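K.L.:
Residues per chain, in single letters:
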Amino acid sequence: MKKILIANDGAHFSEGAFQFAQRLNELSPLLLTGVFLPEEVYASIWSYSMTGPLYIPVMDAAGGNSAAAKEKFESLCVKHGIEYRVHHDYNDFGIAELKRETNYADLLVIGSESFYEQAGSTGINEYVDQTLHHAACPVVIVPEASNFPETNILAYDGSESAAYAIRQFALLLPELAANKTILLYAGQPGDTRIPDQEQMEEFASRHFPDLTIHIIHAGSNGTFTSWIANQKNALLVSGAFGRTIVSRLFRQSFISGVIADHRIPVFIAHR
Amino acid sequence: MKKIIAALDGLKPSESTKQYAIELARINNAFLTGVFLDDFTYTSYNIYDVVTKDGANERDLEQFNREDSARRDRAGNVFGQACREAGIAYNIHHDNNIALQELVHESTYADLLVIDSSETFQQRPDKIPTRFIRDLLPDVHCPVLVVPQEFRPIEKLVFLYDGTPSSVYAIKMVSYLMHFPENIPAEVVSVKGFYEDLHLPDNRLMKEFMKRHFPQSSFVVLKGNAETGMTDYLKNQKQPMMVAMGAYGRSNISRWLKQSMGNVLMKELNTCIFIAHH
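Line by line, the protein sequences are chains A and B.
Numbering-wise (the numbering used here), the first sequence opens with residue 15 and increments by one.
Numbering-wise (the numbering used here), the second sequence opens with residue 4 and increments by one.
Only chain A is shown next, with the shape it has when bound in the complex:
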């Protein structure tokens, strides 16, 4: 049985993230731990980003308050028959506390849109960015309006971190690994093979019974974004966030692009 963490920022309850966890529970029963941060404490998270231009004063947004979000979480868990726990009462919540929680969880699910609401900026927000860097377990970012994944897209660049993320995904969510899967390699023009093709095929085809290898020739970030937009109900599996070879290949952190465009859920695992 897996323990899955769902992080809410108090005022906002992410329906998308909850639905994702609920569907996972249908595939294999899990323990869902809801993490709720009271608004006044939540405000202190933003102090982490105070150095940058992203500081946003937190108000009790019209969307509700943490008690209401907690109640909603509990009633939905009961309704769907999900075993759950609620963790709150954080004295000094911040990145340190989140790290501690993710240390004892198999997966962290966050709704990217709700984190956006208050941040209101274009591009990836500081909180999601910090969460991805500090989480001790893999993270799934789920947009509010997305269907449950039916296709997996494994971003592969021949690096160890990409292989690591693919392994973590296969081990953690074998139920999803059974879906149609595309191993996507961003190559230079003229590339017809992926790096370490034999080993990667031997490895990936054990975990993903329905596997296709697809090579796109990176020239611009647009190629990838438009390709991914055509994949219906997809989930992107990606390695280390930021500063990777992948991101360099696509000229900028392409995961940020995908998250910012809210297109598809993204599974990110890093060491």
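Be careful, since some hints might not be right.
Straight-line Cα separation of at most 25 angstroms, BS3-like style, residue types lysine-lysine; simulated pairs [said to hold, decoys possible]:
#1 LYS16/A / LYS210/B
#2 LYS261/B / LYS226/B
#3 LYS214/B / LYS16/A
#4 LYS16/A / LYS159/B
Keep in mind that the hints were calculated from the coordinates and are not lab data.
Computed from a predicted structure; not experimentally measured.
Given the coordinates of chain A, work out where chain B should sit on it, guided by the hints.
P.N.:
Just chain B now, kept in the frame of chain A:
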């Protein structure tokens, strides 16, 4: 389906690596790859014996190389035969480059690596933990099961836990990668200083987590010096066990291998050691 790789020396294949790997693949319904590290710098003969005053006799050299190559092929066949008998899916790789680099590379595309603690990939035996194991562990890209020279089925799990993410990561990896009988005893062991309380680090979170993965586990908190306390405790265990531990970064694992605990676990106690990097 998971992919397990077994690191084998074609010139002196480890019987216990083969047995542990096949047993694990069978229980987990995993795919097993026998990685034979046929390092071109490693031969069964001593090059100095071939070289005489008049230079090396090429015919002799060729003959020796043919014999080595035949031995390596034979080892592969024996391994394949054992896999077929056990009814598991398998593959064999013969890698000819420098053994350590090849194995690190193979580990990127594997879920678990099984290796004998006495493996050297050279003619000369080495003291345990061997140079090869000490060089391998900091660099490897997947969790490793270091097995003793004699095969004994695992009857108990011991998780070394100190509250760090890497120690929990190792437990996660054991849980994802290996299936054990439900009633197998599992122990989470922590050592705390003399002046500290006897609570498990992050007690509530840890127990909530463990209950999901190993519901039968018990928790042991020892007092004293982390290294000697743990070593003494493990020495008193009678069952064949698997000790799982996490490691963070290169220096951490190198340090651990230099301490007496690595030596005690691998040499005196003959335990299986599961190491996962974070």
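K.L.:
All hints, please: hold or fail.
P.N.:
Against the structure, the hints:
1. For the suggested pair LYS16/A and LYS210/B, the alpha carbons sit about 13 angstroms apart, so the restraint of at most 25 angstroms is met.
2. A hinted pair counts as satisfied when its Cα atoms are at most 25 angstroms apart, and LYS261/B with LYS226/B qualifies at roughly 23 angstroms.
3. For the hint pairing LYS214/B with LYS16/A, the CA-to-CA distance comes to about 10 angstroms; that is within 25 angstroms, so the pair holds.
4. Distance hint between LYS16/A and LYS159/B is fulfilled; the C-alpha atoms sit about 22 angstroms from each other, no more than 25 angstroms.
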